[in-house]
Amino acid sequence: MLPGASTRRRAPSPHRARSVMTSTVLRDETLRQIEQIGRADLLVGIPSYNNARTIAHVVRAVKGGLAKYYPDRTAVLVNSDGGSVDGTRDIVQQTSLGPVRTILVSGSPRPVEKVVTTYQGIPGKGSAFRTVFEIAVRLDAKACMVVDSDLRSITPEWVHLLLGPVLEEGFDYVCPLYARHKYDGTITNSIVYPLVRAMYGRRIRQPIGGDFGFSGRLASHYLGFDVWDGAVARFGIDIWMTTTALVGGFPVCQSYLGAKIHDAKDPGADLTAMLVQVTGALFRQLERDAPLWMTTTGSEPVPGFGFEYEVGLEPVSVNVARLVAQFERGFHELGGLYGQFLAPATRRDLTALLGQEAGAFSMPADLWLHVVYEYVAAYASGRLHPDHLLPSLTPLYLGRTASWVNEAAGYTAPDVESALNTLCQRFEEEKGYLIDRWPGRKETS
Amino acid sequence: MMMVTLAAIDPLLAPLGRFLERAASVFPVLLAILVVLTAGLALAWLLDRTMVRLLRLLRFDRVAQRSQISDALHRAGLVHPPSTLVGQVVRWVVVVVTLVAALSILSTEATDSVVAAMVSYLPRLAAALLILVVGYAVSTFLGRSILLWAVNTRLRGARTLVRVVQLLVWVFFLALALDNLGFGRTVALVVLAILLGGAVLAAALAYGLAGKELARESLEQMLRDVRDEDRDTMSHL
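Residue numbers (the working numbering), protein chains in the order written: chain A, 42 to 486; chain B, 18 to 254.
Quick caveat, the hints were computed from the structure, so don't treat them as lab data. What you are looking at is a predicted structure, and each value in this text was computed from that prediction instead of being measured. Cβ atoms here follow ideal geometry from the backbone N, Cα and C, with glycine treated the same way. A portion of the hints provided could be inaccurate.
Covered stretches of chain A, as calculated for chain B (at least 3 residues, CB under 8 Å) [said to hold, decoys possible]:
| no. | stretch |
| --- | --- |
| 1 | 75-81 |
| 2 | 88-94 |
| 3 | 405-417 |
| 4 | 423-436 |
Quick partial rundown of chain A residues pointing at chain B, CB under 8 Å, derived from the structure [unchecked claim]:
| no. | residue |
| --- | --- |
| 5 | His303 |
| 6 | Leu312 |
| 7 | Val361 |
| 8 | Gln367 |
| 9 | Leu375 |
| 10 | Leu378 |
Residues of chain B placed beyond 10 Å of chain A at every Cβ, according to the derived structure [as the list claims (entries may be wrong)]:
| no. | residue |
| --- | --- |
| 11 | Arg39 |
| 12 | Leu48 |
| 13 | Leu60 |
| 14 | Leu116 |
| 15 | Ala118 |
| 16 | Ser124 |
| 17 | Val132 |
| 18 | Ala144 |
| 19 | Ile148 |
| 20 | Leu164 |
| 21 | Val168 |
| 22 | Arg180 |
| 23 | Trp187 |
Hey, can you work out the whole structure from these sequences and the hints?
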């Protein structure tokens with residue numbers, strides 16, 4: 042038995058019983074292929090878009106993991122592609138594991154079926170996942186996982202760490218836990234982790250990690266929602282999956298996967314677009330789940346799997362002066378907009394930050410949590426269009442990021458976790474600040 | 018000598034007398050118009066204030082907020098509370114009625130024809146007003162979107178760009194409204210064409226000729242910014 046399993050706390054609630062197979066997002070040829078395959082124990086989904094450089098490594102790692110840890114199980118690898126023009130799909134079709142002896146596998150494991158398809162719907166990771174969910178349900182898969190196609194650090198062990206808790210320990214959702222550089226994952230560290238912890242009461246350290254394990258019944262639960270035309274269809278899918286699993290009462294855990302190293306930065310990945318999609322999906326969930334989180338107090342850890350070890354991480358360079366300049370310019374230019382939903386005291390405190398030297402720039406934790414809570418309340422009130430509200434967070438987020446880079450300059454990994462823990466505790470303690478501002482409870486001061 | 022002088026100014030006194038006579042007969046009418054206008058405008062102001070207070074007493078703004086009317090107005094950039102907007106509508110209705118009443122003092126026939134013209138013109142006027150309201154909402158929404166985009170992409174002169182775009186949107190909707198009212202069509206269209214064409218030409222000339230150095234510096238700065246950003250290897254997600 043993997044450690045931590047005995048500490049899981051909730052029994053799964055009956056999920057939304059809704060027929061999900063009356064309509065399909067799959068192409069005809071994919072449906073025919075699935076019919077031929079029949080059923081599968083395991084399913085691994087890989088969303089992709091022009092990842093010819095890296096996807097072969099991901100496919101090999103997945104096949105290696107399936108061969109090593111689940112040689113007797115029937116498994117299907119699904120490549121849900123966004124219409125790549127660089128031969129990504131061909132590479133997936135052609136990539137083989139090679140001699141299994143190199144990963145110390147004896148005998149001949151079952152061959153892994155491959156389903157390579159182009160998903161339909163809005164271009165984005167969420168639409169790719171929707172296709173994976175439907176295939177998982179049609180194949181009646183017991184355990185599934187999804188991994189990014191640009192990973193350079195994935196190993197066969199990831200397969201065990203993401204599928205194992207579902208297959209062997211009865212969990213329905215497995216979040217990843219990576220060793221990351223202290224300057225990486227700033228949207229997670231400054232917004233998503235504190236909010237998920239304070240609102241849903243579970244300490245899921247990386248709720249939008251990108252690589253997840255989940256059960257077939259949770260895939261079926263996901264398909265019962267009609268959310269595939271907005272932020273959830275894109276980067277918002279990760280936070281939506283996590284919060285939906287939490288609210289649905291599905292047992293959740295996290296697995297330590299080591300370092301997460303991506304391919305070189307995607308030049309098309311626009312910060313504001315990412316921030317808007319992630320916060321849009323999260324704020325929408327918080328609006329939906331208000332009755333639940335208003336009665337939740339404190340937080341508790343989730344069971345963890347995997348052997349934690351220190352990792353040598355690639356250095357990260359950040360231009361703090363540029364971040365501070367963007368904060369100051371944005372705050373100045375968007376002052377009129379902020380006046381419509383930020384509290385006067387918050388605006389006054391933000392104004393007081395202007396003119397600080399970049400190297401000493403500091404945005405206190407309490408000020409930041411007030412900003413975040415006021416954004417959540419403003420989103421729920423609907424007084425400002427989300428297309429205007431959410432992008433206006435970018436300059437403030439960059440200010441907080443600059444502050445964090447300055448603060449964490451001399452931190453070790455435990456120092457980072459300690460500082461984030463303190464921030465999250467403040468989010469938990471100050472939850473009343475958000476409740477006071479929630480639409481219908483009290484006028485915004 | 019005296020007789021000669023009176024005889025000389027008599028032709029002047031006669032018209033003056035007729036003028037004073039007519040003025041004396043018109044004066045009560047003018048006074049009545051002044052009284053009606055003053056009373057009407059005061060009544061309009063009073064009704065506006067009363068209506069706003071009454072609606073606030075009845076918590077109309079909160080009801081409007083619950084039914085999302087307030088939100089819709091807010092999103093459209095109309096920042097005044099709904100009670101104020103209702104008060105202003107009442108005020109302007111009373112002002113128009115006052116003007117018609119004042120006109121009726123002068124001539125009943127004129128009033129009838131004005132009222133008839135107004136009634137037949139009302140649908141067009143309402144449509145034109147609606148076009149202007151939509152124009153205001155569109156220009157506000159577009160202005161905000163452009164401002165956010167410009168700020169987040171670190172574009173210089175964000176506010177100027179917003180003002181120019183809003184002006185063009187306004188002129189466009191004004192042209193539509195005037196076209197709907199049936200006058201000033203050509204003027205509005207010509208103004209729009211001049212503004213658009215002129216803006217493009219001026220920008221091209223200023224940037225390409227007069228601002229050659231500025232253009233080079235701006236492009237270099239933009240490239241420098243992009244290169245700086247590329248050097249940041251931080252992953253936000």
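For which of the previously enumerated hints does the structure constitute a violation, in increasing order of number? Checked against the structure, the hints that fail are numbers 1, 2, 3, 7, 20 and 21, while the rest are satisfied.
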